[in-house]
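> Sequence:
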Amino acid sequence: MALSVLRDIATNLHNGVHYTLMADEVTDSSNREQFVICIRWVDSGLIADEDLLGLYQVPDISSATLVQCLRDVLTRMSLSINNCRGQCYDGANNMSGIRSGVATQILKEEERALFTHCYGHALNLAVSDTVRKVKLLHDTLDTTSEISKLLKYSPKRDTMFEKLKKELAPETPGFRTLYPTRWTVKANSLKSVLDNFKPLTQLWEDSLETNLNSEIKSRIIGVKTHVRAFDYFFGLHLVGFMVMNHTDNLSRSLQGTEKSASQGQMIASMTVKTQQIVRIDESFQQFWQNVNVCKSASVEDVISQPQAPRKRRRQARLDDGKTPGDHPEKAEDYFRSVYFETLDLAINFILDRFSHPGYKVYSHLESLLLNAVNGNDFSEDLDYVCNFYGEDLERNSLLTQLQTLRVQLGAEKDLWLNDVVAYLKSLPSVTVDYFSEVFNLVRLILVVPATNAVSERSASALRRLKTYLRTTMSQERLNHCIILHVHKERTDKLNMANIGDQFVMSSTDRQNRFGQFSSS
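Take 57 as the starting number for the sequence shown in our numbering and just add one per residue.
Please note: incorrect hints may appear among the correct ones.
[Claimed, not checked] Beta-carbon label-pair distances, calculated as ranges: (1) THR528 to SER274: 39 to 49 Å; (2) ASP195 to ASP433: 50 to 60 Å; (3) MET326 to LYS469: 13 to 23 Å; (4) HIS383 to GLU165: 49 to 59 Å; (5) LEU550 to GLU314: 19 to 29 Å; (6) SER100 to ASP337: 50 to 60 Å; (7) SER393 to LEU483: 48 to 58 Å; (8) LYS469 to ASP489: 52 to 62 Å; (9) GLU314 to MET552: 24 to 34 Å; (10) TYR524 to HIS383: 51 to 61 Å.
Bear in mind the hints are in silico, worked out from the structure with no lab data behind them.
For every residue, glycine included, the Cβ atom is placed at its ideal position computed from N, Cα and C.
When you get a sec, could you build the whole thing from the sequences and use the hints?
In structure tokens form, the structure reads like this:
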């Protein structure tokens with residue numbers, strides 16, 4: 057059954073011509089390294105598909121081993137490396153290293169196989185870099201992580217919290233554990249701390265009255281002290297509402313199969329512009345007022361007053377005796393500097409993480425299409441794209457078809473990629489060949505994904521199949537089971553009579569025992 061599914065995928069891949077490689081590594085329940093291999097391709101209807109091709113149990117995760125696995129899979133699927141137009145992996149050195157990573161080795165064989173660092177991973181790293189650079193935010197997430205451990209790893213404290221929540225905050229959602237490596241749930245976890253602030257502060261008081269060992273007691277006292285500080289309360293609002301609310305929303309929107317790398321860049325630029333707009337003093341004043349309103353409305357009795365940090369003497373080698381110190385005189389000035397520093401770092405890290413060499417090509421591809429349909433000059437983009445992709449696009453035909461497409465779309469300005477794709481999808485089948493080169497151009501834009509989410513989800517499916525009760529499952533059976541599990545729709549469409557005949561015909565004994573399943 058699994059082989060029939062793979063044959064169906066292979067047939068569709070050959071119709072799509074160009075494809076993108078997507079891969080990830082994961083350790084299964086038997087402590088074996090599994091290499092998850094997926095592929096993205098665009099069909100004749102300009103619909104992007106992402107399919108799992110299987111798992112590879114590897115002895116190590118060196119780049120040479122992983123490249124050999126990819127070559128073997130492509131050979132088995134009868135796919136040529138020369139038709140690869142994209143690669144999407146995480147930022148691990150063995151995958152994206154500039155000297156000998158998997159992406160680099162594939163690029164040496166096919167320079168048009170552009171590498172994209174998965175935007176989901178890139179965004180997660182940008183947020184982590186921002187938090188790590190700002191001490192107040194770093195301390196905020198450390199304290200929240202400690203709250204998660206003390207609460208969720210103790211059934212006793214978890215039960216105490218549920219009881220307190222029913223008494224003090226019955227209408228609010230429950231506490232959400234902070235997962236540092238998850239892409240999209242950090243903001244909800246920080247908000248759950250604010251929503252359950254009263255039950256949590258009371259929980260630490262009640263917990264200290266029970267019998268605790270010295271280590272747990274000291275940890276609870278530390279958390280109790282930190283959550284009462286205004287710095288922590290301010291940090292929850294700043295990183296939760298001003299940073300992670302936006303980045304979580306961006307991450308969710310990037311994970312759809314229909315999102316291409318160029319569309320991901322456009323969505324990321326919207327988030328950056330939003331952060332730039334709120335980076336003004338008026339926005340800080342409103343934010344500062346909201347924080348103080350929340351403090352006075354709900355938890356005034358337990359939160360300390362905002363204070364500026366203690367003055368420190370300037371280092372002797374930097375003190376010329378004339379320059380005034382830069383120590384903030386008021387607490388509001390200090391928190392204003394943290395506010396602006398956080399937004400600056402978030403903006404810069406997102407821009408830096410989303411910039412990579414392949415983006416220049418994506419930019420020219422999209423600019424060529426959009427400038428053409430909007431009536432702008434596109435000669436420079438046309439030259440660049442045709443020189444880079446070579447035989448993939450026929451220059452003269454593409455130029456003619458782009459001019460015709462502009463006429464067909466009318467005089468409307470400011471068309472986006474989605475508008476053009478929707479129009480091309482609506483064309484009757486008899487006119488598709490008339491815009492064949494335009495279709496090829498759009499496929500090259502859409503074939504490179506924004507994220508490697510399909511590999512991540514396939515890795516999650518592995519945990520459901522190879523549990524601690526199935527650690528002796530063979531690799532072949534595991535591979536076949538996960539193919540059927542992930543490709544549920546294709547599995548449901550299988551002709552079981554034909555499958556039965558294939559099973560029977562492979563053995564003379566089976567032929568004598570079962571006969572023929574199909575009626576033909």
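> Next step is simple, just say for each hint if it's right about the structure.
Hints, one by one, checked against the model:
For the pair THR528 and SER274, the supplied restraint of 39 to 49 Å holds, since their beta-carbon distance comes to about 44 Å. Take ASP195 and ASP433: their Cβ atoms lie about 52 Å apart, and the range 50 to 60 Å holds. In this structure, MET326 and LYS469 meet the distance hint of 13 to 23 Å, their C-beta atoms being roughly 20 Å apart. At about 58 Å, the beta-carbon gap between HIS383 and GLU165 stays in the expected band of 49 to 59 Å.
The given range of 19 to 29 Å is respected by LEU550 and GLU314, whose C-beta atoms sit roughly 26 Å from each other. Between SER100 and ASP337 the beta carbon distance is about 54 Å. The supplied range of 50 to 60 Å therefore holds. Between SER393 and LEU483 the beta carbons are some 56 Å apart, a value that agrees with the proposed interval 48 to 58 Å. Range check, LYS469 to ASP489: about 28 Å between beta-carbon atoms, so the 52 to 62 Å window is missed.
Taking 24 to 34 Å as the suggested C-beta distance range, the pair GLU314 and MET552 conforms, at roughly 32 Å. Under the hint 51 to 61 Å, the C-beta atoms of TYR524 and HIS383, about 57 Å apart, fit the expected range.
Comparing the model with each numbered hint stated earlier shows that hint 8 is the single one that does not hold.
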